[in-house]
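Asks: Each chain, letter by letter, is given below.
Protein chains: 2
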Amino acid sequence: MSNDRCGTSRIAGCQFTLFPMSDKFADIILRALEEVDTSMVWKDTDDVSTCVRGDMVHVFDVTEALFLHTAKTGEHVAMSGTFSIGCPRDTDADSYMDEVVIPLNETKSNAVSQKAGCKFSLYPMGREDYMDAIYEQIDLSKHRNVEVSAVHYATRLDGDVKDVFRALQQSFDRVQEKVSHVTMTFTISANSPSNND
Amino acid sequence: MSNDRCGTSRIAGCQFTLFPMSDKFADIILRALEEVDTSMVWKDTDDVSTCVRGDMVHVFDVTEALFLHTAKTGEHVAMSGTFSIGCPRDTDADSYMDEVVIPLNETKSNAVSQKAGCKFSLYPMGREDYMDAIYEQIDLSKHRNVEVSAVHYATRLDGDVKDVFRALQQSFDRVQEKVSHVTMTFTISANSPSNND
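Quick note, the sequences are listed as chains D and W, same order. For the first sequence, numbering that gives the first Met the number 0 begins at 0 and goes up steadily by one. For the second sequence, numbering that gives the first Met the number 0 begins at 0 and goes up steadily by one.
A hint or two may mislead.
The list treats identical chains as interchangeable, and a pair is accepted whether it falls inside one copy or across any two copies.
Said to hold, decoys possible - Straight-line Cα separation of at most 16 Å, EDC-like style, residue types lysine to aspartate or glutamate; simulated pairs:
no.: 1; residue 1: LYS177; residue 2: GLU105
no.: 2; residue 1: LYS161; residue 2: GLU146
no.: 3; residue 1: LYS177; residue 2: GLU127
no.: 4; residue 1: LYS23; residue 2: GLU74
no.: 5; residue 1: LYS114; residue 2: ASP46
no.: 6; residue 1: LYS161; residue 2: GLU176
no.: 7; residue 1: LYS23; residue 2: GLU105
no.: 8; residue 1: LYS23; residue 2: ASP36
no.: 9; residue 1: LYS177; residue 2: GLU135
no.: 10; residue 1: LYS114; residue 2: ASP22
Calculated from the structure, these hints are not laboratory results. None of these values were measured; they are calculated from a predicted model.
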C-alpha cells in the first residue's frame with residue numbers, strides 16, 4: 000500500500016443507486032440521465048448500482064445533478080451511495096483524469112430548487128485517530144446553510160439539495176486532504192410523504 | 000476511545016432504507032413490517048432511513064426479513080444500509096441487549112425463496128492493516144452458496160437472499176472479532192428489470 004498523493008489528480012469515485020418510488024422508475028431515471036452531462040466521468044451501471052469515477056469535482060457534480068433532475072419530478076426519490084478516494088488497490092484505468100475540472104452540470108443544477116434530507120457518515124481509513132477527523136467535520140458542517148443534527152451512526156443534513164451536496168463534498172474533501180483513503184456513505188431523500196415540513 | 004469487548008453483548012446496529020420502486024411503496028413497506036417481528040430490536044424510522052439496534056443476530060434477522068417480505072411481492076425493490084458495531088461514542092441506550100438471542104424471523108424467512116444481487120464493502124476502523132482484514136473476508140465469502148465477484152469499491156454477491164445475508168453476517172462477524180469498530184455498507188436489489196437472469 001502506498002500513501003503517495005498527487006494533489007487534484009487523485010481518482011475519486013461513487014458507487015450509488017437512484018431509487019424513484021414510482022411505477023415509472025425506469026423512465027424517471029432515463030429522463031434524468033438525458034439531462035445530465037456525464038462526459039467527464041467513467042460510468043458503469045448494472046442492476047444493483049451505478050459507479051462513476053474521475054476527478055472529485057465531476058463525481059460530485061454528476062451525482063448531485065442526477066439526484067436533482069430525478070427529484071424535481073415531484074416523485075418520492077432517494078439516492079444511496081458511497082464516495083471513495085485513495086483506495087490502495089485503485090487504478091487509473093477507469094477514469095478520465097486528464098480533463099479540465101469545470102463542473103459541467105452546475106448551471107443547470109443551480110436552476111433547480113429542491114429540499115431534501117440526507118444522512119451521511121465519513122470513514123477515514125487506516126488511522127487510529129480517525130474519530131478526531133470525523134468530529135472536526137461534524138463541527139464544520141454547521142456553517143453551510145444546512146441544518147445539522149446527530150443520529151445513530153450518521154450525521155443528518157437538511158436543506159436545499161445543492162447546499163447538502165456542497166456540505167458533503169467539503170466534508171469529504173477536507174478529510175481526504177489529511178487521510179489518504181476516505182469513504183463517505185450517504186442516503187438522500189426528497190418528496191417523502193413522511194416528511195410534513 | 001476504549002477497545003473493551005464484551006463478547007456477544009456488544010450492541011450492533013443498522014441504518015438502512017427500503018426502496019420499493021412502485022407507486023404502492025408505502026403499502027408494500029407497511030405490509031412487510033406487519034410480517035416481521037421487530038420486538039427484539041430498538042427501532043426508529045424517519046423520512047430518510049430506519050435504524051435498528053440490538054444484538055447482531057437480531058439486527059441481521061430483522062433487516063433480512065424486511066427485505067425478503069418486501070421482495071416477495073415481485074416488485075422491483077432494493078435496500079441500502081450500513082451495519083455498525085463498536086463505534087467508540089456508542090452507548091447502551093436505544094437497544095435491547097438483555098434478551099435471548101434466537102432469530103425470531105428465521106422460520107418465516109426460510110419459507111421464502113428469492114434471488115437478489117448485492118454489493119457490500121467492509122470498513123474495519125482505526126487499523127493501519129485494515130486492507131488485510133478486507134481481503135481475508137473476500138476470500139472467505141467464496142464458500143457460502145453465493146456467486147462472488149469484484150466491482151469497484153465493493154464485492155458483489157449473487158444468490159438467494161438468505162445466503163446473501165448469511166455471507167454478509169459472517170463477513171461482518173469475523174472482522175468484528177478482530178477489530179473493535181467495524182462498519183459494512185450494502186445495497187441489495189431484487190426483481191430488477193435490468194437483470195435478465
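Asks: Would you mind marking each hint as holding or not holding in the structure?
Replies: Right, here's what the structure says about each hint:
no.: 1; hint: LYS177 - GLU105; in the structure: neither (27 Å within a copy, 44 Å between copies)
no.: 2; hint: LYS161 - GLU146; in the structure: within (13 Å within a copy, 39 Å between copies)
no.: 3; hint: LYS177 - GLU127; in the structure: both (13 Å within a copy, 15 Å between copies)
no.: 4; hint: LYS23 - GLU74; in the structure: both (10 Å within a copy, 12 Å between copies)
no.: 5; hint: LYS114 - ASP46; in the structure: between (28 Å within a copy, 13 Å between copies)
no.: 6; hint: LYS161 - GLU176; in the structure: neither (22 Å within a copy, 40 Å between copies)
no.: 7; hint: LYS23 - GLU105; in the structure: neither (26 Å within a copy, 34 Å between copies)
no.: 8; hint: LYS23 - ASP36; in the structure: neither (22 Å within a copy, 31 Å between copies)
no.: 9; hint: LYS177 - GLU135; in the structure: within (12 Å within a copy, 27 Å between copies)
no.: 10; hint: LYS114 - ASP22; in the structure: neither (23 Å within a copy, 21 Å between copies)
Hints 1, 6, 7, 8 and 10 from the earlier list are contradicted by this structure; the remaining hints agree with it.
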